[in-house]
Structures are given as structure tokens and as C-alpha cells.
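Asks: What follows is each chain in one-letter form.
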Amino acid sequence: MLKANPAIGITTDTVIATASAAAGSWGQISGTTAAASDDGVFEFVVDCDGTTGWTNVDDWSDNVTLPATSGTVLADEVTDSVLGTGVVQMFKMMDGAINGTNKASLSGPGFLRVTDEPHQLFYDPFDGIVLDTTARWTASYGLGAALIPSQVSGQLTIDAGATSTGWSSLESKASFVPTIPAWFGVSFAINLTDGASLVSSGYRFWGVGTVPATPTVASPLSDAVGFEVTGGKMYAVVYANGVRTEIQDMSAATGNSTAPTNTSNHRYIIFIRTDRTYFFVDTLGTEVASSSFQSPTVQTLPIRFLSISGGAATTIQSPGIAAWDTGKNNTQLSDATYPWRKTTVSSAGALKVDASATTQPVSVVTDYSSVRAQELALLVGQANLVEAVLSTERSSSGNYGFELR
Amino acid sequence: MSAAPLPITRWSGRRVTVLRNTKLGAATEVATPSNLSNNGFIASEKHDGTAGNHMTWMKNGKVQTDTTIFNTLSPSMRMTPTSASLKLESAYQFQGMKVAVASGATVTIAVYTRKSVVGDGTAYNGNQRG
Chain A
1 MLKANPAIGI TTDTVIATAS AAAGSWGQIS GTTAAASDDG VFEFVVDCDG TTGWTNVDDW
61 SDNVTLPATS GTVLADEVTD SVLGTGVVQM FKMMDGAING TNKASLSGPG FLRVTDEPHQ
121 LFYDPFDGIV LDTTARWTAS YGLGAALIPS QVSGQLTIDA GATSTGWSSL ESKASFVPTI
181 PAWFGVSFAI NLTDGASLVS SGYRFWGVGT VPATPTVASP LSDAVGFEVT GGKMYAVVYA
241 NGVRTEIQDM SAATGNSTAP TNTSNHRYII FIRTDRTYFF VDTLGTEVAS SSFQSPTVQT
301 LPIRFLSISG GAATTIQSPG IAAWDTGKNN TQLSDATYPW RKTTVSSAGA LKVDASATTQ
361 PVSVVTDYSS VRAQELALLV GQANLVEAVL STERSSSGNY GFELR
Chain B
406 MSAAPLPITR WSGRRVTVLR NTKLGAATEV ATPSNLSNNG FIASEKHDGT AGNHMTWMKN
466 GKVQTDTTIF NTLSPSMRMT PTSASLKLES AYQFQGMKVA VASGATVTIA VYTRKSVVGD
526 GTAYNGNQRG
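Chains as they are written, first to last, in our numbering: chain A, 1 to 405; chain B, 406 to 535.
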């Protein structure tokens, strides 16, 4: 409702817009005034009537058109060899999200600060029914009625059972070090069966971290960064040598109300740099929490899911997890013609050569007793022995010999 | 603190009462606010001694901070009307959302609203406008 202000041409209270959103849902209403007949102030209110219930009002915003005859827009006259001379408007680049205020910045030397797109380092969509404990994960569990982490139909389940002290954990075999000055990130797709009303007992965590030999609700983690559920609330947390630092209470009751409140899948994303971690839920538009110089004591950490029972059923379910960095630390060798064909490297760091065993490291002969004089032998693999011999003896034709046996 | 409601007798002129860090002890904190004039109000800042809790009674209802239901960040403003025909406005006279304009300019205004449902406690049964 635009309130009457005859001094600027608004002679009566005027309806600008009428709400149409369904009851129980937020909806934005907006409208545009007539042009003011003089310099002045427009006044707006929301009005309502009724005898039961109420209406909530939030987040006013306004855009004012600039009159043609006032206001200053900074500009610069430039001459382009093709387009000729013209005036370009100077502007600031800002986050385009509603209520976003983050601005692009230039460093002292004049570099425009941008962050590269994430590049995948680790991914598991939990396809099939067998958890990959060969290359990706180490599964562990103990006490109570806990079950070993398992996957079925594209979903991982970390089930600590319904007996107090039971615990179940899934840890990546690889540990990841922050990729300073780039960002290391992990995204968990998570759904909680008690997501609509989190159980108050037990403990759950997903993020990067290490655990004591027997994790307990009182002492679940050693060094870690991630999301936790404890006491019926969700938090963004950092653990340093077993000491917990709450970065943000995400509950509606006592926190910033950013914790999901249903059983659907949600994205939980962390961007980690040594000095700072950003925590996101579902969208990268606005972080739900951020830490500043609240780092784990040990920063090279594996990806982890952890569930500890406090007596009630305590599970974590995940249809996928990915990790990345923004520093291109996943740079790969691939085929020049068919770039999706990648080289394979064993856990021992061996490069797979065609037809050799994936896990077979390359070996170089160190015992030259069986090699003829003036010959250099290179043995590749053992299952399929290949011997390349380069002779430094000149043949009768005057050429040097090379043969593959 | 008073255990009796703050009484509102029928006032003919504009009457304004501002309470700061004051606890109203009665179950009905303000009796018959409908006796207020169209431009009168009773405002309670730090209502009942609770920081961030603010409330204003006007002739046609009450507005107050709401930290439970909000759009993006807490709090929002809850408007609880008391009349099926008389409109409760989101601010008392001359205290609405103000936007300075130059002659010839227009303003596009926007605001988020939400009507209560049974799940909130009571379903809203009136009409609202922006």
C-alpha cells in the first residue's frame, strides 16, 4: 500500500500489489508507483485484516529510477579503433544473488582476483552393491548393534544401530592436504531418516577428519572439519586435537536456521583453505557458516562419514560424494585423440603400461650380471617380460642394433 | 511489573505510549487496544525484558518481531489483526517503509509476506495487501 502524500502527487492511499502466495509459503509481492510530482518521500505499508492467525512481513526492497536530470554516473571516454570514440560506464562487479554484497576486487598489483572452477579429485556415486574398499574407502565399525558401512541401489548407509556406543565409519583411503592458495572442497549428498526431527541422542559427522581408536559421543573426532548432528541439532564444526570448536549452530531453535528440516537429499559443501573454511548447504550462493583461523591441528585429512549411536537408530545415508580443488591438482595424462582415455596409476604410484598389471610397479634391472657387455636392458613388468636391448656394437653394415624380445 | 492488563480507555486524540525494557505481567497485556485512535499506539521495546523482542499495539491489531517464521534471516515482523474489516498496517502513521524520490521518479517496491497456517498455531483468515 502506498500511503497518500498529496505534496508529491499521491492523493489517496493506493494499492500497489496484493499477495497471492499460498498460505504457509513466503511470496514476494511488488509494484511500481506513479512518478512523483515533486522531490519527496514515498511511504509504503503492508496491511491486513482478519480475526484469527497472522501475516508475516520480511525483506523489503526497492529500486528507484534515476530521473534524467539528476544523479551522477561515473563514466570514461575511450577511443576504440573499430567502434570509434564513446563513453563507457564504470561499474562495480557484485554478487548477483538477492541480498548478495560480495564484490570483485583487484589486488595491489592490479590482478583481478578470481577462483578457478573446481577440478575433480575424488568421486563415488556408490554405484552397485559393493563398496569400493580397494581404492576409495576403508570401512570400520564396532560395539553395540553397529553395521559395517554398505551401499545398495546407489546409496551409502552408515548405520550405528540402536544400541548405545555402537559406531560405524567410512574413511577415504587417501588423505587430502589443503591446496593453498587454492581451495580444497568436498560435497556430500546426504539424507537423514530423522531429518524432520533430529534425534537428540548419538552423534553423526560428515566432512574430513580423523577419529580416536574408539569414537564416542563425548569424544568423536580428533582433527576434523565438517557438519555434525548432536543433541538434536546440526552444527558446522572444527576439531583440533580432539577439542571441538562450534563454528555455527545451524538449528532453528538456537542457531541461524540453515539446517534442513526434512528427509530429502541435501548438499553439504565445504571449501577448505588453511586459514578459512566456508560451509554451504544446497547452494553456493551464501555460506551458512565460515571459520577464520580455526584449523585442525593436522590438516591432511581423509574424507569421513561417522555415526555413533546414543541408543536410538543413528544413520547417515548418502547417494554420492565428490572432492575437488581449484588448483588443477588433478592434472592428468590423457590420449591426444581420445582425451577421455586416461592413464592409470597404482596405489604405489606406478604408471600402467598397456597389458601390464595395474598394480605392478615398473622395475628396472639392477643386476647386470646377465646382461651382455655393451648392452643396456630395460625390463618392463614381470608378468609380461619385455626386454629392449640397445647394442652399442656396430654391425657389419655399420648400424647400431636395437631389438625387442 | 503489573499483573493487570494495561487498560486503554477510549481516547479521542492521538495517544502514544512507549515502554522500554518493561514486563507486562497479565495474560492479556493490553486491554481493548481497539480503543486507541487511528494514529495512536503502544510500543514496547525490549518487551518483557527480552532483547530483540519488540511489540506494538495499534487500534486494529498488533505487530511484533518473529524469530520463528522469517524469509531469509531472523526476525520477520508478525502482523496479527483483530478486525475482519478494519485494516492493520505494518507501521503506525508516517512510520512505514520510506523511499526518497526526486521529482519525476518512480519506485518499484517489493516485500515478502506469508500467511499463517494451522501448523504455525493458527491459520490466517483475512486479506493482505502490499
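Just so you know, these hints were derived from the structure itself, not from any lab. Incorrect hints may appear among the rest.
Heads up, simulated DSS-like pairs for lysine-lysine below, C-alpha to C-alpha not over 25 angstroms straight-line [claimed, not checked]:
1) A:3 <-> A:173
2) A:3 <-> B:492
3) B:451 <-> B:464
4) B:467 <-> B:492
5) B:451 <-> B:503
6) B:451 <-> B:428
7) B:503 <-> B:467
8) A:3 <-> B:503
9) B:464 <-> B:428
10) A:3 <-> B:464
11) A:352 <-> A:328
12) B:467 <-> A:3
Residues from chain A that keep clear of chain B, each with C-beta distances beyond 10 angstroms, as calculated [said to hold, decoys possible]:
13) 132
14) 180
15) 210
16) 232
A virtual CB, placed ideally from N, CA and C, is assigned to each residue, including glycine.
Asks: Evaluate each hint against the coordinates.
Replies: So, going through the hints one by one against the coordinates:
1. A:3 <-> A:173: violated, 65 angstroms
2. A:3 <-> B:492: holds, 13 angstroms
3. B:451 <-> B:464: Holds, at about 21 angstroms.
4. B:467 <-> B:492: holds, 11 angstroms
5. B:451 <-> B:503: holds, 24 angstroms
6. B:451 <-> B:428: holds, 9 angstroms
7. B:503 <-> B:467: Holds. Residue 503 (chain B) to residue 467 (chain B) sits at ~21 angstroms (cutoff 25 angstroms).
8. A:3 <-> B:503: holds, 10 angstroms
9. B:464 <-> B:428: holds, 21 angstroms
10. A:3 <-> B:464: Holds. Residue 3 (chain A) to residue 464 (chain B) sits at ~18 angstroms (cutoff 25 angstroms).
11. A:352 <-> A:328: At roughly 22 angstroms apart (the allowed maximum being 25 angstroms), residue 328 (chain A) and residue 352 (chain A) satisfy the hint.
12. B:467 <-> A:3: holds, 19 angstroms
13. 132: holds, 40 angstroms
14. 180: Check passes; 32 angstroms lies beyond 10 angstroms.
15. 210: holds, 35 angstroms
16. 232: holds, 17 angstroms
Comparing the model with each earlier hint shows a violation of hint 1 alone; every other hint is respected.
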